[in-house]
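**Student:** What follows is each chain in one-letter form.
Protein chains: 2
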Amino acid sequence: MTSTETIAQAALAPDELARVETLWRAANYLTVGQIYLLDNPLLREPLRPEHIKPRLLGHWGTSPGLNLLYAHLNRTIRVRDLNAIYIAGPGHGGPALVANTWLEGTYTERYPSITRDLGGMRKLFRQFSFPGGIPSHVAPEVPGSIHEGGELGYSLAHAYGAVYDNPDLLALCVIGDGEAETGPLAASWLSNTLLNPARDGAVLPVLHLNGYKIANPTLLARIPEQDLLSLMRGYGYEPHLVHADPDDDHARVHRRLASVLDLCLDHINVIQHHARTSSRVTRPRWPMIVLRTPKGWTGPSKVDGVQVEGTYRAHQVPLSGVRTNPAHLAQLETWLRSYRPEELFDGDGAPVETIILAAPAGERRMSANPHANGGELLKPLSLPDYRPFGVDCPAPGSVNAESTRVLGRWLREVMRANADRFRLFGPDEVASNRLDAVFEVTDRAFVADIEPGDDHLAPDGRVMEVLSEHLCQGWLEGYLLTGRHGLFTSYEAFIHIVDSMFNQHAKWLKTTRDIPWRRPIASLNYLLSSHVWRQDHNGFSHQDPGFIDHVVNKKAEVIRVYLPPDVNTLLSTMNHCLASRHYVNVVVAGKQPQPVWLSPAEADAHCRRGIGIWEFASNDDGEPDVVMACAGDVPTLETLAAVALLREHLPELKVRVVNVVDLMRLQDEKEHPHGLSSREFDALFTTGKTVIFAYHGYPWLIHRLTYRRTNHDNIHVRGYKEEGTTTTPFDMVMLNDLDRFHLVMDVIDRVPGLAVKEAALRQRMFDARQRAREYTREFGEDAPEISEWVWPGEPA
Amino acid sequence: MTSTETIAQAALAPDELARVETLWRAANYLTVGQIYLLDNPLLREPLRPEHIKPRLLGHWGTSPGLNLLYAHLNRTIRVRDLNAIYIAGPGHGGPALVANTWLEGTYTERYPSITRDLGGMRKLFRQFSFPGGIPSHVAPEVPGSIHEGGELGYSLAHAYGAVYDNPDLLALCVIGDGEAETGPLAASWLSNTLLNPARDGAVLPVLHLNGYKIANPTLLARIPEQDLLSLMRGYGYEPHLVHADPDDDHARVHRRLASVLDLCLDHINVIQHHARTSSRVTRPRWPMIVLRTPKGWTGPSKVDGVQVEGTYRAHQVPLSGVRTNPAHLAQLETWLRSYRPEELFDGDGAPVETIILAAPAGERRMSANPHANGGELLKPLSLPDYRPFGVDCPAPGSVNAESTRVLGRWLREVMRANADRFRLFGPDEVASNRLDAVFEVTDRAFVADIEPGDDHLAPDGRVMEVLSEHLCQGWLEGYLLTGRHGLFTSYEAFIHIVDSMFNQHAKWLKTTRDIPWRRPIASLNYLLSSHVWRQDHNGFSHQDPGFIDHVVNKKAEVIRVYLPPDVNTLLSTMNHCLASRHYVNVVVAGKQPQPVWLSPAEADAHCRRGIGIWEFASNDDGEPDVVMACAGDVPTLETLAAVALLREHLPELKVRVVNVVDLMRLQDEKEHPHGLSSREFDALFTTGKTVIFAYHGYPWLIHRLTYRRTNHDNIHVRGYKEEGTTTTPFDMVMLNDLDRFHLVMDVIDRVPGLAVKEAALRQRMFDARQRAREYTREFGEDAPEISEWVWPGEPA
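So the protein lines, in turn, are chains F and X. Heads up: take any position in the first sequence, counting from 1, add 1, and you land on our numbering. Heads up: take any position in the second sequence, counting from 1, add 1, and you land on our numbering.
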C-alpha cells in the first residue's frame with residue numbers, strides 16, 4: 002500500500018475548511034448557472050422556463066473536480082505565498098474556471114462590464130456558450146489560462162514548458178483520465194527527466210479520475226489501483242491518493258486533500274532546497290496526486306430514474322429537458338439551491354467575505370498571475386549581429402556551405418546571450434540537423450543518469466531533446482505562452498506529427514489578437530531541415546513537404562513561411578523570425594553543402610523584400626521571354642543550373658530569375674499582410690510571359706497562392722509529387738521532374754515558338770536525364786555535375 | 002527484484018544453440034554487407050576500396066538486436082509450430098529484416114532475380130539504399146513486413162491491430178527505446194485493455210533497450226531499472242529482463258533469451274487456454290521482455306580511438322571513411338570476417354544447412370506468413386443492401402434525418418454479417434457521432450473492470466473505443482494490413498492528430514500498388530462527423546476541415562474524398578467505400594437533423610455520378626445565368642435556401658444547382674482517376690458563367706482542384722475561413738459568409754448586370770443577415786427559418 006495512506010488527516014482549521022467548502026460551493030453554483038440560466042441568476046424568484054437558455058451547452062461532469070482543486074490550491078497559495086498557475090487539462094470545464102476567476106475579481110478586472118454583482122452574474126451566465134459570448138472551453142478569453150484544452154493531450158507538456166527557467170513557479174496541472182489515454186499525455190509524464198529542480202520550477206500533476214469519458218469508462222480508472230500506482234512510480238513520481246465517494250462527507254475530503262497538497266508542496270520544497278544547495282543535481286521523485294471523485298459530483302444523482310452522478314451521463318448537461326419538462330426544471334432548481342446561494346452571495350449578488358478571503362490577492366491569484374499572460378513578462382531576445390556569421394560569396398555559387406551548420410554558430414551566440422529566456426527544442430535532431438555549435442555554450446538538458454561517453458548532457462542544459470515531436474512542441478508552447486522564446490528544429494516530414502498541436506496554437510494566436518489584455522508573445526519558430534529533397538539515409542517515409550500547406554490554412558495574420566535559398570538568407574530569415582511576435586514562422590532549409598548565392602548584405606536586402614529578381618542570373622533587360630521562378634534551396638539550385646543551360650544553348654532567350662524567400666509574398670495583399678500588390682506581382686512575373694516555377698513542396702500550393710494573379714494561367718509549377726525512395730539527391734529531383742534538364746524541357750515546351758525550333762535541344766536534355774539516371778543507377782552517386790557544378794559554369 | 006531473475010537458464014540443446022548463433026551471425030554479416038559492399042560479397046578476395054559503395058547509407062545500430070530476436074523467434078516457431086509475425090518497431094533496421102528473409106528463402110521467392118547464392122548476394126548487397134534498388138527501412142518491399150517503421154511510434158498499435166480476431170496469431174513486436182519515447186507508443190501499452198485472450202491472438206512486446214538514439218541516450222535506458230519494471234507492471238504486463246554486455250558470452254545470452262521466450266510463450270498459452278475454457282474473460286497480466294543489448298553489438302568497438310559499440314555513434318554507419326581510409330577499410334574487413342562467412346555460406350554462396358534448419362518452413366516463416374500480406378487472406382465484406390435503410394423523400398427537403406444515426410442502423414447489419422472481419426474504431430465518439438445502433442448487435446471491447454452501469458462494454462465487443470486517435474488509427478491499420486475491414490469515426494477537427502499516420506499509410510498503399518506480390522487490402526475508411534459547422538458544444542478548437550486538404554496531397558491513385566449532402570447519399574457512399582480496396586476514403590457527414598434531398602434511388606444515381614445537376618432546384622433549361630455549386634451537407638442546405646430566395650425574388654434568373662459528392666470529380670481526369678474530362682466539367686459549370694461554390698472546407702481547395710478548368714476565373718468559392726466560436730449553426734455560416742443571404746449577395750455581385758439593378762435586393766439580404774445575427778445574439782437560437790425551413794418554401 003502507498004505510504005501516503007498512512008498520512009494523518011491533518012487538522013484543517015475550521016475557518017480554512019469553511020473557505021474551501023464555501024468557495025467550492027460558489028464555483029459549482031456559478032458553473033451550473035452558466036450552463037443553464039438566462040436570467041434569475043440568484044433564484045430570487047422561483048425558476049421558470051423562460052429563465053433557462055434555449056440551447057443547453059457545456060460540460061458539467063469535470064467541473065466540480067476542477068473547482069475543488071482550485072479552491073484547495075487557493076488555500077495553499079495564501080498560506081504559503083505560492084507563485085502558482087492552474088492548467089486545466091479537462092479544458093471543456095470552461096465554466097468552472099470562469100466561475101473562479103469571477104469570484105476572485107480578475108474576470109471583472111479584465112472585462113469590466115461583467116461586474117461582480119447580480120447584474121454581472123446575469124451577464125456572466127448569459128454569455129457562456131452563447132452567440133456573441135464566450136466559448137464553452139477554457140479558451141484564451143479566460144484569465145489565467147495558457148491552455149485552451151479543447152483538444153486533449155497537451156496539458157502536462159504545457160505545464161513543464163511553463164516552469165522551465167521559472168524556479169519559483171508552480172504549475173498545478175489537472176489531467177483528466179480521458180486525456181490521460183492520449184499519446185502525447187502518456188509521453189509527457191517522463192518530462193521530469195528534463196526538469197532541473199535547481200533551475201526550473203515545479204509541476205504538480207493531479208490525475209483526476211472521474212471515471213468516465215463521453216460514453217466510456219476511462220482505462221486508468223479501471224485498471225487495478227496497484228497498477229496505477231506502479232505506473233506513476235515507473236514514471237518517476239510518488240503518487241498520493243485522494244478518494245471521494247458521492248456520499249462522502251465533504252469535510253473529510255477537504256481535510257484529506259488539504260493534507261495531501263501540503264505534503265506534496267513540502268516535498269517539492271525539500272526537493273528544490275536540496276537541489277539548490279547541493280553541488281550535483283539528480284532526478285528526484287516528484288510528488289503527484291491521484292484524485293478520484295464522482296463525475297459530476299454534487300450534481301443530480303439520478304435523472305428520470307437513471308443514475309447520472311458518477312457516470313458518463315454527467316459529462317455534458319445532466320438535465321436536458323428543463324424548458325419543457327417541469328420535473329427537470331424542479332430538479333434543476335433543487336440542484337442549484339443545494340449550494341445555498343443565499344449564503345454565498347450578498348444582497349447585491351457579490352461574493353460573501355468567506356469567499357473573498359478564500360482567494361489570494363493581486364497577482365497571486367492564479368487568474369492574474371502574469372506567467373499566464375506571458376506577453377506581460379516578455380523580455381526581448383538579445384540578438385547578436387548575424388552578418389559576421391555569414392559566408393563570403395566572391396561570386397554567386399562559387400562556394401558551398403552547410404546552411405544549418407553556419408546557422409548553428411549564430412544560434413550558439415543567441416543561446417549564450419539569452420541563457421534565461423531561450424531554448425532549442427528538437428526530437429533528437431539538433432546534431433543531425435547540424436546545429437551542434439550550440440553545444441559549445443550549453444548542453445542537452447538531462448536529469449536522469451548520465452554516463453561518461455554521453456555527448457553534452459547536463460541537468461542545466463538548454464537544448465531539449467526527446468524522441469517526441471509532441472513533447473518538443475508542447476514544452477515550447479508552454480515556454481512561449483509564459484513569455485519566453487524558442488526554436489523547434491525537426492525533420493520536415495515528421496513535423497506533421499504535431500499538425501493538430503500547431504492548429505490549436507495558431508487558433509490561440511488568432512484569438513488573442515482580439516483580446517486586448519493578452520499581450521503578444523514570442524513567435525513559434527520552426528526550422529525544418531533534413532527536408533524532402535535530402536533524405537539520403539531514409540527515403541519515402543521521410544519525404545513530405547506538406548506542413549507548409551497545412552500551415553497556410555490558418556489565419557494569414559499569424560502565419561509566415563520562409564524558404565531561404567542559401568546560408569546567408571537563412572541567417573537573415575532566422576534573425577527576423579526570432580525577433581518577431583505572435584506568429585508561427587516556418588523556415589525550411591537544408592543541412593547539406595549547397596551553393597552560396599548572395600553575399601550577407603545582398604541576402605539581407607533580398608530577405609527584406611522577400612522576393613526579387615536575381616539580376617546576376619537574368620539577361621532579360623526588363624523584357625523576359627520566360628520567368629524562371631524558384632522557392633527553396635534545391636529548386637533554386639536546379640533553376641540556376643537550368644538557366645545556365647539556357648544561357649549556353651539558347652543565348653538569345655531572355656530569361657528572368659525570380660527567387661522567393663517569403664512564400665506569402667505570392668499571395669494577394671488583400672489575403673496576406675505580406676502579399677504583393679497586383680502591380681508588384683505583375684512587375685516580377687509579367688502579365689503574359691511563361692513562368693516556370695520550381696518549388697520546394699507540393700506544386701499546387703503555388704497555384705493556390707497565385708490563382709488571382711493576372712498571369713496565373715501561364716505559371717507552370719514543378720515540385721514534389723509524392724515520388725521518392727532511398728536514392729541520390731539528383732535522382733530525387735529527376736523522379737519529380739524538378740531537375741535542371743526537365744526545367745529546360747519545360748521552357749522549350751511552354752515558351753511560344755520554341756517547341757518546334759528547339760526540338761533537338763529538348764532531345765539533348767531528355768538524353769542527359771536518361772544518362773544521369775543510368776549513371777546514378779550504375780554508380781549510386783550524384784551525376785558529377787551536381788556536386789561539382791559552379792554557376793555559371795557549364796553543366797554536362 | 003523481478004521474479005524472472007530466478008528463472009533457471011534452461012538448457013538450450015547444442016544443435017539449437019548452434020542454429021540461433023549461426024543464423025544470427027549470418028544475418029549480421031548480410032546486414033553489414035548491405036550497408037557497405039558493392040562487390041566481393043563473400044570476401045573471397047581481400048577487400049579493396051572499389052568493393053565499397055560510394056555512398057554509405059543505412060542504420061547498423063539497431064540491427065544486431067533485431068537479428069538476435071529474429072533468430073530466437075525462428076527457433077520457437079519451429080519447436081512450437083507457431084503462427085507468428087515480426088513487427089520491427091525500429092524500422093530503420095531494414096537490412097536486418099532483408100537479411101533474414103533472404104536467408105530463409107522468401108526474398109528469392111518474391112524477387113527471383115535475387116537468388117540465394119553468391120550472385121544473388123551481390124545483388125542483394127548492391128540494391129540496398131541504392132538508386133533503383135530498395136529503401137533503407139523495413140519498407141513494403143520487405144516480405145513479412147506490415148510496418149514500414151520509417152516514422153516511429155506505431156509498432157505496438159499495429160501489433161495489437163494485427164492479432165484482433167486472429168486467435169492463433171502471435172505478433173512479436175520489437176519496440177526500440179527511442180520509439181518508446183513517442184506519445185503514440187506510450188499510449189499503446191494499454192492496448193491490452195481491449196484485447197480479448199479468448200478471441201484475439203497475442204502480442205509479445207520486446208522493449209529493446211540499446212540505450213541510444215541518434216545522438217542522445219534513451220530515457221527508458223536511464224531511469225532506474227526498478228522504475229522501468231514498475232512502469233511495465235503498471236501497464237499490466239509481467240516484464241522479463243534479458244541483459245547482454247558487449248563482452249558477454251553469446252551462449253549465455255542465447256540460453257537466457259531462449260528460456261525467457263519459452264517462459265513467455267508458455268505464459269501466453271496458459272492465458273489463452275484459461276480464457277478459452279472459462280466462462281468469463283478477465284484481463285490477464287501478459288508477459289513482455291525487456292532486452293538490453295549494446296547498440297551496434299558485434300560491430301566495431303572503437304573507431305579512430307573513440308568508443309562506437311554500445312554508444313549513439315553506432316546508430317548509422319560506424320566506419321565512414323572506408324573508401325579513402327585504409328585503416329577503416331581494414332577494420333571493416335576484420336569486422337566482416339569476424340562473422341566467419343566461410344562457415345555460413347557454401348561454395349555457391351548459399352546458406353549452410355545449419356542456417357536452413359534454423360528457419361521454419363513455408364508459411365511458418367515470418368516473412369512468408371500470409372497475415373503479413375493481408376490481401377492474400379482478405380475475405381470480402383458481406384454488405385447488406387443499404388437501400389432499405391434509406392429515408393423516404395416525398396419531396397426534396399420535406400423531411401429531416403440525422404444522417405449518421407440512420408447510417409448506424411446499416412452499420413449494425415454490417416457488423417452483424419461480418420462478426421469475424423469488421424470492426425468500428427473511434428475515440429469515444431461512436432455514440433456521440435450517433436452510430437449507436439451498432440450496440441444492438443455488439444458492444445465496446447473492454448477487458449478491464451466492467452461495472453454495472455456501464456454502457457455496452459464487453460470483452461467480446463467489436464467497437465474499439467479509447468480516447469486516442471493514434472490508437473484507433475494504429476489498431477485499424479494493423480487490422481487492415483492483416484486482411485480485415487474497418488471504419489474509423491472521429492470528430493473532423495481532431496483527425497489531424499493522425500495526419501502523419503495517414504501519410505505513412507497512404508505511402509504504403511501507393512508503394513504496394515507497384516509490388517505485384519502484395520495483394521490489395523481493404524480501404525482505410527474515415528467517417529468524419531461532428532464537423533466544423535456543427536460544433537455547438539465546443540467551438541473554435543473543434544473547427545477544422547483541413548484534413549481533406551492534407552489527404553489530397555497524397556497520390557491520386559489512393560485517395561478519395563466524399564461529401565454526401567444527405568442521409569441517402571451517405572448510405573450509398575459508405576456502401577461504396579466499404580466495398581472498395583486499397584484506398585483511403587474520407588467521408589464527411591453531419592450527425593444533426595438535416596433535410597433529405599434525394600430518394601434512396603436518386604441518391605444512388607447521384608453518388609454513381611459523384612457530381613450532378615439537381616434538376617429539382619434548377620430552372621436554367623440548359624442555359625444558366627449562374628451556377629450554384631455545393632459540396633457538403635451544410636453548404637448544400639445554404640445553397641438551396643439561397644436558390645429559393647433567388648427563385649422568389651429574381652424569378653427570371655436562370656439558376657443551375659450542381660451538387661458534388663465525390664470531390665475528386667472536380668479535378669482533371671489526367672490528375673485523378675475520378676476526375677471529369679474538360680468536356681464533362683464544362684457541361685456542368687459552363688465555360689463563362691458565374692459559379693458561386695459553397696464548400697464545406699477551406700475555400701482555396703476548390704480553386705486548387707479546378708485551376709485548370711476553362712471557367713476557373715468565374716468560380717467564386719465560399720467556405721470555412723477560420724472564423725468560429727461556440728455559437729449557433731447559423732451564426733457559424735454567417736461568420737464565414739457561407740449563409741444563404743450572403744450567397745444571394747454573391748450572385749448579385751458576380752452575375753453581370755445585377756449589381757446595379759438589384760441593389761435593393763442586396764440590401765434586403767444584408768439586412769436579413771443583420772437581423773439574423775441580432776436575433777441569434779438576443780435569443781441564442783437559430784434564426785427560425787433555419788430549423789423550420791422546407792424547400793422550396795419561403796425563407797424569412
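In case anyone wonders, no lab produced these hints; they're calculated from the structure. Glycine residues also receive a C-beta, built at the ideal position from the N, C-alpha and C atoms. Careful: at least some of the hints might be erroneous.
Derived SDA-like pairs (lysine to any residue); straight-line CA-CA distance at most 25 Å [to be verified]:
# : chain 1 : residue 1 : chain 2 : residue 2
1 : X       : K380      : X       : D444
2 : F       : K556      : X       : I516
3 : F       : K722      : X       : D444
4 : F       : K722      : X       : K556
Where chain X lies over chain F, by a calculated footprint (3+ residues, C-beta under 8 Å) [unchecked claim]:
# : segment
5 : 150-162
6 : 251-258
7 : 594-605
**Student:** For each hint, tell me whether it holds in the structure or not.
**Tutor:** Right, here's what the structure says about each hint:
1. Between K380(X) and D444(X) the alpha-carbon distance is near 23 Å, which keeps this suggested pair within the 25 Å criterion.
2. Among the hinted pairs, K556(F) with I516(X) is inconsistent with the structure: their alpha-carbon atoms are about 42 Å apart, more than 25 Å.
3. With a C-alpha separation of about 43 Å, the suggested pairing of K722(F) with D444(X) is violated against the 25 Å cut-off.
4. The hinted pair formed by K722(F) and K556(X) meets the criterion: a straight-line CA distance of about 8 Å does not exceed 25 Å.
5. Remark: the segment 150-162 of chain F is confirmed as covered by chain X, as 5 of its residues place a Cβ nearer than 8 Å to a Cβ of that chain, reaching the required three.
6. Figure legend: the segment 251-258 of chain F, annotated as covered by chain X; annotation inconsistent (0 residues with Cβ-Cβ distances under 8 Å, at least 3 required).
7. Counting residues of the segment 594-605 of chain F whose CB lies closer than 8 Å to any CB of chain X gives 0, so the stated coverage by that chain is violated, three being the minimum.
Hint violations for this structure: numbers 2, 3, 6, 7, all remaining hints satisfied.
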